[in-house]
Amino acid sequence: MCRLFAQISTQPRDALDLLVDSEFSLLKQSDFKKSNKQEDGWGIAHFGNQDQVLVSKSPGPAFKEKEPFKDAAQKANSRVIIGHIRAASNPRKLPRSKLINMDNTQPFSDGRWIFAHNGTLEIPLEVAERLGPLQREIRSHNDSEVYFWHFIKHERRHGDVRRALAAAIEEIWEIWEKGARARHPEKRTPYTSLNTLVSDGRSVHGLCHSARRGLSERGVCNPDQSWQIMSWRQEGNCRVVIASENLDRGPWNRLADQELLSAELGRNGLIVERQRLGVSIPKNEVAQP
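By this note's numbering, the letter at position 266 of the sequence shown is numbered 266, and the numbering carries on one by one without gaps.
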(Lines of atoms letter the chains of each structure in order from A and count residues from 1; the text may use other names and numbers.)
(Lines give C-alpha, C1' and ligand atoms only; values in the text may rest on other atoms or scores of the structure.)
Protein backbone atom coordinates (compact mmCIF):
# COMPACT_ATOMS: atom_id res chain seq x y z
CA MET A 1 0.00 0.00 0.00
CA CYS A 2 1.74 3.13 -1.23
CA ARG A 3 0.59 6.72 -0.70
CA LEU A 4 0.14 9.27 -3.47
CA PHE A 5 0.16 13.06 -3.84
CA ALA A 6 -0.44 15.39 -6.77
CA GLN A 7 -0.78 19.15 -7.02
CA ILE A 8 -1.54 21.41 -9.95
CA SER A 9 -1.54 25.20 -9.59
CA THR A 10 -1.95 28.16 -11.91
CA GLN A 11 1.44 29.55 -10.91
CA PRO A 12 4.65 27.69 -10.03
CA ARG A 13 4.86 26.96 -6.31
CA ASP A 14 6.12 24.31 -3.95
CA ALA A 15 3.99 21.88 -1.95
CA LEU A 16 5.87 21.98 1.35
CA ASP A 17 2.64 22.57 3.24
CA LEU A 18 1.16 19.19 2.27
CA LEU A 19 4.26 17.17 1.47
CA VAL A 20 6.04 18.04 4.74
CA ASP A 21 4.29 20.39 7.17
CA SER A 22 0.62 19.42 7.49
CA GLU A 23 -0.68 17.11 10.21
CA PHE A 24 -1.06 14.19 7.79
CA SER A 25 1.55 15.22 5.22
CA LEU A 26 3.00 12.68 2.81
CA LEU A 27 6.22 12.64 4.84
CA LYS A 28 4.34 12.00 8.09
CA GLN A 29 2.31 9.22 6.47
CA SER A 30 5.53 7.28 5.90
CA ASP A 31 5.67 6.13 9.54
CA PHE A 32 2.48 7.50 11.09
CA LYS A 33 1.13 3.99 11.59
CA LYS A 34 3.90 1.79 12.96
CA SER A 35 2.21 -1.41 11.79
CA ASN A 36 1.91 -0.09 8.23
CA LYS A 37 5.05 1.86 7.40
CA GLN A 38 5.70 3.14 3.89
CA GLU A 39 9.40 2.31 4.08
CA ASP A 40 10.44 1.10 0.64
CA GLY A 41 11.28 4.36 -1.09
CA TRP A 42 10.02 7.82 -1.94
CA GLY A 43 9.98 10.19 -4.87
CA ILE A 44 8.96 13.74 -5.77
CA ALA A 45 8.62 14.69 -9.44
CA HIS A 46 7.85 17.97 -11.18
CA PHE A 47 8.24 19.79 -14.48
CA GLY A 48 11.10 22.27 -14.92
CA ASN A 49 11.17 25.64 -16.67
CA GLN A 50 11.56 23.97 -20.06
CA ASP A 51 8.83 21.41 -19.27
CA GLN A 52 11.48 18.77 -18.62
CA VAL A 53 10.65 16.05 -16.10
CA LEU A 54 12.71 16.32 -12.90
CA VAL A 55 12.57 13.51 -10.34
CA SER A 56 14.17 13.29 -6.90
CA LYS A 57 13.87 9.85 -5.36
CA SER A 58 15.43 7.32 -3.04
CA PRO A 59 14.87 3.62 -2.23
CA GLY A 60 15.20 4.45 1.47
CA PRO A 61 12.38 5.20 3.93
CA ALA A 62 11.23 8.82 3.83
CA PHE A 63 11.01 8.88 7.64
CA LYS A 64 14.73 8.09 7.82
CA GLU A 65 15.58 10.62 5.10
CA LYS A 66 13.56 13.61 6.25
CA GLU A 67 16.08 16.26 5.23
CA PRO A 68 16.56 14.95 1.67
CA PHE A 69 12.78 14.62 1.38
CA LYS A 70 12.25 18.19 2.61
CA ASP A 71 14.98 19.46 0.29
CA ALA A 72 13.36 17.75 -2.69
CA ALA A 73 9.95 19.15 -1.73
CA GLN A 74 11.38 22.65 -1.46
CA LYS A 75 13.17 22.46 -4.81
CA ALA A 76 10.05 21.18 -6.59
CA ASN A 77 8.69 24.62 -7.51
CA SER A 78 6.35 23.99 -10.39
CA ARG A 79 2.78 24.09 -11.63
CA VAL A 80 2.66 20.31 -11.27
CA ILE A 81 4.15 18.19 -8.48
CA ILE A 82 3.65 14.46 -7.92
CA GLY A 83 4.86 12.64 -4.80
CA HIS A 84 4.97 8.96 -3.83
CA ILE A 85 5.96 6.94 -0.78
CA ARG A 86 6.26 3.20 -1.23
CA ALA A 87 5.28 0.03 0.55
CA ALA A 88 6.55 -2.51 -1.96
CA SER A 89 4.24 -5.10 -3.46
CA ASN A 90 5.67 -8.43 -4.56
CA PRO A 91 3.27 -10.42 -6.73
CA ARG A 92 6.13 -12.48 -8.21
CA LYS A 93 7.50 -13.47 -4.76
CA LEU A 94 10.97 -12.14 -5.56
CA PRO A 95 13.79 -11.67 -3.04
CA ARG A 96 13.47 -8.30 -1.34
CA SER A 97 16.89 -7.30 -2.71
CA LYS A 98 15.38 -7.22 -6.22
CA LEU A 99 12.54 -4.92 -5.14
CA ILE A 100 14.31 -2.11 -3.30
CA ASN A 101 16.49 0.08 -5.51
CA MET A 102 16.30 3.29 -7.53
CA ASP A 103 14.80 1.68 -10.63
CA ASN A 104 11.92 0.26 -8.59
CA THR A 105 11.15 3.61 -6.97
CA GLN A 106 8.30 5.83 -8.17
CA PRO A 107 7.27 8.16 -9.78
CA PHE A 108 8.04 6.82 -13.26
CA SER A 109 8.38 8.89 -16.43
CA ASP A 110 8.87 8.46 -20.16
CA GLY A 111 10.03 12.06 -20.53
CA ARG A 112 6.53 13.37 -21.23
CA TRP A 113 4.34 11.84 -18.54
CA ILE A 114 4.89 11.56 -14.78
CA PHE A 115 3.10 8.54 -13.31
CA ALA A 116 2.54 7.12 -9.82
CA HIS A 117 0.50 4.10 -8.71
CA ASN A 118 -0.88 2.63 -5.50
CA GLY A 119 -1.85 -1.02 -5.58
CA THR A 120 -0.61 -4.35 -6.89
CA LEU A 121 -0.76 -5.56 -10.47
CA GLU A 122 -0.95 -9.29 -9.74
CA ILE A 123 -0.08 -10.47 -13.26
CA PRO A 124 2.83 -8.23 -14.34
CA LEU A 125 4.52 -10.82 -16.58
CA GLU A 126 1.37 -11.46 -18.58
CA VAL A 127 0.67 -7.74 -19.01
CA ALA A 128 4.31 -7.08 -19.96
CA GLU A 129 4.01 -9.65 -22.75
CA ARG A 130 1.39 -7.40 -24.38
CA LEU A 131 3.57 -4.28 -24.39
CA GLY A 132 5.27 -4.91 -27.72
CA PRO A 133 8.37 -2.72 -28.20
CA LEU A 134 7.65 -0.93 -24.91
CA GLN A 135 8.56 -4.11 -23.02
CA ARG A 136 12.20 -3.18 -23.62
CA GLU A 137 11.69 0.02 -21.60
CA ILE A 138 11.07 -1.86 -18.33
CA ARG A 139 13.97 -1.24 -15.94
CA SER A 140 12.73 -2.75 -12.68
CA HIS A 141 10.92 -5.64 -11.04
CA ASN A 142 8.14 -3.31 -9.87
CA ASP A 143 4.69 -4.38 -11.07
CA SER A 144 3.74 -0.69 -11.02
CA GLU A 145 6.27 0.00 -13.77
CA VAL A 146 4.57 -2.59 -15.96
CA TYR A 147 1.27 -0.82 -15.33
CA PHE A 148 2.96 2.50 -16.21
CA TRP A 149 4.12 1.27 -19.62
CA HIS A 150 0.74 -0.40 -20.13
CA PHE A 151 -0.85 3.03 -19.65
CA ILE A 152 1.69 4.66 -22.00
CA LYS A 153 0.86 2.09 -24.70
CA HIS A 154 -2.82 2.96 -24.53
CA GLU A 155 -2.27 6.71 -24.22
CA ARG A 156 -0.18 6.70 -27.38
CA ARG A 157 -2.90 4.69 -29.09
CA HIS A 158 -5.87 6.78 -27.97
CA GLY A 159 -4.39 10.21 -27.25
CA ASP A 160 -6.76 10.66 -24.31
CA VAL A 161 -6.13 9.86 -20.64
CA ARG A 162 -9.64 8.67 -19.77
CA ARG A 163 -9.85 6.39 -22.80
CA ALA A 164 -6.31 5.13 -22.18
CA LEU A 165 -7.02 4.20 -18.55
CA ALA A 166 -10.30 2.52 -19.46
CA ALA A 167 -8.64 0.55 -22.27
CA ALA A 168 -5.76 -0.42 -19.98
CA ILE A 169 -8.14 -1.84 -17.38
CA GLU A 170 -10.21 -3.64 -20.00
CA GLU A 171 -7.11 -5.30 -21.45
CA ILE A 172 -5.92 -6.41 -18.00
CA TRP A 173 -9.24 -8.16 -17.45
CA GLU A 174 -9.06 -9.69 -20.93
CA ILE A 175 -5.60 -11.09 -20.14
CA TRP A 176 -6.94 -12.41 -16.83
CA GLU A 177 -9.98 -14.14 -18.31
CA LYS A 178 -8.07 -15.60 -21.27
CA GLY A 179 -5.45 -17.52 -19.34
CA ALA A 180 -3.84 -15.65 -16.46
CA ARG A 181 -6.63 -16.56 -14.07
CA ALA A 182 -6.17 -20.28 -14.76
CA ARG A 183 -2.38 -19.97 -14.36
CA HIS A 184 -2.76 -18.23 -11.00
CA PRO A 185 -5.52 -20.04 -9.06
CA GLU A 186 -4.14 -18.57 -5.83
CA LYS A 187 -4.97 -15.03 -6.99
CA ARG A 188 -8.51 -13.68 -6.74
CA THR A 189 -8.21 -10.76 -9.16
CA PRO A 190 -5.64 -9.39 -11.63
CA TYR A 191 -4.94 -6.40 -9.36
CA THR A 192 -5.82 -5.01 -5.96
CA SER A 193 -6.10 -1.37 -6.97
CA LEU A 194 -5.09 0.80 -9.91
CA ASN A 195 -5.19 4.11 -8.08
CA THR A 196 -3.22 6.32 -10.43
CA LEU A 197 -1.78 9.82 -10.75
CA VAL A 198 -0.55 10.98 -14.14
CA SER A 199 0.48 14.35 -15.56
CA ASP A 200 1.90 15.86 -18.74
CA GLY A 201 2.66 19.21 -17.09
CA ARG A 202 -0.52 20.89 -18.35
CA SER A 203 -2.99 18.62 -16.59
CA VAL A 204 -3.18 16.21 -13.66
CA HIS A 205 -5.41 13.15 -13.58
CA GLY A 206 -6.27 11.01 -10.57
CA LEU A 207 -8.00 7.65 -10.98
CA CYS A 208 -9.64 5.87 -8.05
CA HIS A 209 -10.25 2.18 -8.77
CA SER A 210 -9.87 -1.10 -6.91
CA ALA A 211 -10.95 -4.71 -7.34
CA ARG A 212 -10.35 -5.84 -3.76
CA ARG A 213 -8.58 -4.75 -0.59
CA GLY A 214 -4.82 -4.51 -0.50
CA LEU A 215 -2.37 -4.65 2.40
CA SER A 216 -4.58 -2.59 4.71
CA GLU A 217 -8.25 -1.77 5.20
CA ARG A 218 -7.91 1.89 6.18
CA GLY A 219 -5.85 4.95 5.43
CA VAL A 220 -2.60 5.49 7.31
CA CYS A 221 -3.66 8.68 9.11
CA ASN A 222 -7.42 8.59 8.54
CA PRO A 223 -9.04 5.49 10.09
CA ASP A 224 -12.46 6.59 8.83
CA GLN A 225 -11.24 6.47 5.22
CA SER A 226 -11.08 3.19 3.30
CA TRP A 227 -7.57 2.50 2.02
CA GLN A 228 -8.55 2.68 -1.65
CA ILE A 229 -10.74 5.81 -1.62
CA MET A 230 -8.77 8.84 -2.78
CA SER A 231 -9.19 12.44 -1.59
CA TRP A 232 -9.12 15.73 -3.46
CA ARG A 233 -9.82 19.40 -2.96
CA GLN A 234 -9.86 22.61 -4.93
CA GLU A 235 -8.52 25.82 -3.41
CA GLY A 236 -10.24 28.66 -5.21
CA ASN A 237 -9.36 28.56 -8.86
CA CYS A 238 -5.62 28.34 -8.31
CA ARG A 239 -4.78 24.89 -6.84
CA VAL A 240 -6.12 21.35 -6.96
CA VAL A 241 -4.68 18.57 -4.79
CA ILE A 242 -5.27 14.82 -5.18
CA ALA A 243 -4.02 12.34 -2.58
CA SER A 244 -4.45 8.80 -1.28
CA GLU A 245 -6.05 10.24 1.85
CA ASN A 246 -6.77 13.52 3.62
CA LEU A 247 -3.57 15.45 4.29
CA ASP A 248 -4.97 17.66 7.05
CA ARG A 249 -8.21 18.25 8.98
CA GLY A 250 -9.56 20.72 6.42
CA PRO A 251 -12.37 20.00 3.96
CA TRP A 252 -11.74 17.21 1.46
CA ASN A 253 -13.82 15.48 -1.19
CA ARG A 254 -13.55 11.78 -1.95
CA LEU A 255 -13.54 9.98 -5.27
CA ALA A 256 -15.80 7.06 -6.06
CA ASP A 257 -14.62 3.81 -7.61
CA GLN A 258 -13.80 4.22 -11.32
CA GLU A 259 -13.94 8.00 -10.96
CA LEU A 260 -11.33 10.08 -12.77
CA LEU A 261 -10.62 13.62 -11.56
CA SER A 262 -8.88 15.81 -14.14
CA ALA A 263 -7.56 19.33 -13.55
CA GLU A 264 -6.12 21.28 -16.48
CA LEU A 265 -4.46 24.66 -16.78
CA GLY A 266 -6.86 27.01 -18.56
CA ARG A 267 -6.79 30.62 -19.70
CA ASN A 268 -8.68 31.85 -16.63
CA GLY A 269 -7.61 29.29 -14.05
CA LEU A 270 -7.97 25.56 -13.53
CA ILE A 271 -10.56 23.54 -15.41
CA VAL A 272 -11.76 20.65 -13.25
CA GLU A 273 -13.73 17.68 -14.57
CA ARG A 274 -14.99 14.51 -12.91
CA GLN A 275 -15.70 11.51 -15.12
CA ARG A 276 -16.66 7.88 -14.70
CA LEU A 277 -14.62 5.32 -16.61
CA GLY A 278 -17.57 2.98 -16.96
CA VAL A 279 -15.47 -0.16 -17.45
CA SER A 280 -17.49 -3.36 -17.18
CA ILE A 281 -15.73 -5.58 -14.63
CA PRO A 282 -16.43 -9.33 -15.07
CA LYS A 283 -18.77 -10.73 -12.46
CA ASN A 284 -16.69 -13.36 -10.71
CA GLU A 285 -15.28 -13.67 -7.22
CA VAL A 286 -14.21 -10.02 -7.03
CA ALA A 287 -14.75 -8.78 -3.48
CA GLN A 288 -15.42 -5.08 -3.53
CA PRO A 289 -14.03 -3.27 -0.47
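Don't read these hints as lab results, they were simulated from the structure.
Please note: incorrect hints may appear among the correct ones.
To be verified - With a straight-line Cα cutoff of 27 angstroms, these simulated DSS-like cross-link-like pairs (lysine-lysine) come out: (1) Lys37 x Lys64; (2) Lys34 x Lys70; (3) Lys28 x Lys66.
Review point. In ascending order, which of the hints set out earlier in this document are inconsistent with the structure?
Key: none
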